[in-house]
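S.K.: Chains as they are written, first to last, in the working numbering: chain A, 318 to 510; chain B, -18 to 233.
Quick caveat, the hints were computed from the structure, so don't treat them as lab data. One or more hints might be untrue.
Said to hold, decoys possible - Which bits of chain B does chain A cover? Going by a derived footprint, with three or more residues having C-beta under 8 Å, they are:
1. -18 to -8
2. 17 to 27
3. 37 to 43
4. 46 to 52
5. 122 to 129
Computed from a predicted structure; not experimentally measured. Just so it is clear, CB atoms sit at the ideal spot from N, CA and C, and this is done for glycine as well.
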Amino acid sequence: MFSGPRTTSEDSPDEDQFSVAALDLLDALYGAALRLTRNADRAQDLVQDTYLKAIRARGRFASGTNLKAWLYTILHNTWRNRQRDGARSRVEFDSEAVELAAEGAGLGTVGQVASPETLLLRATLDADLQAALDGLPDSYREVVWLRDVDELSYQEIANVIAVPIGTVMSRLSRGRKQLFERLSVQRERKGSV
Amino acid sequence: MDCKQIEGSLAAVADGGVSPEQAATVNHLESCAACRQALHAQITARTVLQARAAHLSVVAPPGLRTRILATARAERPESTGVLSWRGRLTAFAAAAVLVLTVGAALLPVVTERSTVVLAAQMALDHLKCFMIDGDGDGAAISKAEAEATIAREYGWTASVPASAPAEGVELMAVRHCLYGDGMAAHLLYRAHGQPVSLFILPGLVRPAAELKVLGHSEVVWTQGDRTYMLVSRAGTTAELARVASYLRNEAR
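Construct the complete structure from the given sequences, taking the supplied hints into account.
M.R.: Right, dumping it as structure tokens:
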């Protein structure tokens, strides 16, 4: 995390502090880009574009607010614009259809999952968790990630993905529930008790 | 309120925030087992993600950092801009510290909450604590150890009820609970093999109560200027009241 002007650095004393603070978040931004693009080259490209825009728009960053959330917002905007310019109908149709399908499939099944939460938590492997996350619809996964991994506020998430806060919260509820179900199913398949 | 209406606010409850505005949600949860299950599912999913967040992160390719640095240098503003950014970011850092401090102070103010809302919060804390770490290494700890931990972690003393085989009570661990600005001490017991939590909230006086909240039984009592809340997910409130009666006598 950024913690004031750097005094020791191989960079010149004039090194742009904003860039330094922003670059501290590079891994997180790259991870977000990978989730959106699902492709390493496109992810790098998206991140580079995001940083360029951020550096040019730095004057609009409100100090005291969450720099990570601000960068995520630029990244998501950039991604949305690219989709619009490219395969607009395909992408939008996909995400909407997946969301609707997920809604139908996800509701009301939690009650049938018998495994205790404690065992689930201890038995879940990182690879299983990653697989369960990957299996979520994009729109759910991103909200769950921004909240539970990145700890953004609901309002920050709403800004990042450009939807109302109520939508954030219902997607969060559904995404978590689906994640739980996927983890539970994985666990049952592995035959653990 | 139906299940659909509370769906969104369930996310907020799972995040550990039971605010007075969510009283309706808590009420609905009382009567709806499916939503309670959904809440447990959400808490589990969030807890798993938080616990594994560090393992899920990726590392950006080194070349990417280099390219962005080059971009940043090419885009670097004139020196006035740099200076203004320095000032701006110093303010940003100061604000970050402020946010952390204020964030802690903004943690739920216990005294403004109804007993039911408070009890709901404790039920969630009980659930989370056992989900994350269980109750220690499975070995009971001594009264003296627990009291020393409380004195060290909280800066105040408390008489901690010891294990009592005749009562089926074992003292398992002390947790530092963040709830109420880190003020509530959290003692983990097993009562007849089932996990129970005893929260001690200093500076709070509440009428004695026995209640069912979010599928948990709770017994509340006050001694001096401290409120004690005993929480269990198993058994009946009457069974828990018997455990409470032992603990209450010992905690004097």
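S.K.: Please go over all the hints and tell whether each is borne out by the structure.
M.R.: Structure-based check of all given hints:
no., hint, in the structure
1, -18 to -8, "holds (count 5)"
2, 17 to 27, "holds (count 9)"
3, 37 to 43, "holds (count 6)"
4, 46 to 52, "holds (count 5)"
5, 122 to 129, "violated (count 0)"
Violated hint: 5 only; the structure is consistent with all others.
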